[in-house]
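In terms of my numbering, the sequence shown opens at residue 1 and continues consecutively.
None of these hints come from the bench; they were simulated from the model. Treat the numbers as computed from the prediction; the structure is a model and nothing was measured.
Only pairs whose alpha carbons sit at most 27 angstroms apart, straight line, appear in this in silico DSSO-like list of lysine-lysine:
#, residue 1, residue 2
1, K13, K29
2, K38, K13
3, K27, K13
4, K27, K38
5, K36, K13
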Amino acid sequence: LYRRISEDTLALKWFSEVITSIGAPQKIKEMARDGKDKIRRY
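Please model the entire structure based on the sequences and the hints provided.
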């Protein structure tokens, strides 16, 4: 949601939280990595 409203710093924070979370499923972590990459590319 933060990425969609151009709040990139907050989006990166939450993507990092998901990626480092122990309980998050691998598919969700992959989606978070993809979102993080999209922010860094643009």
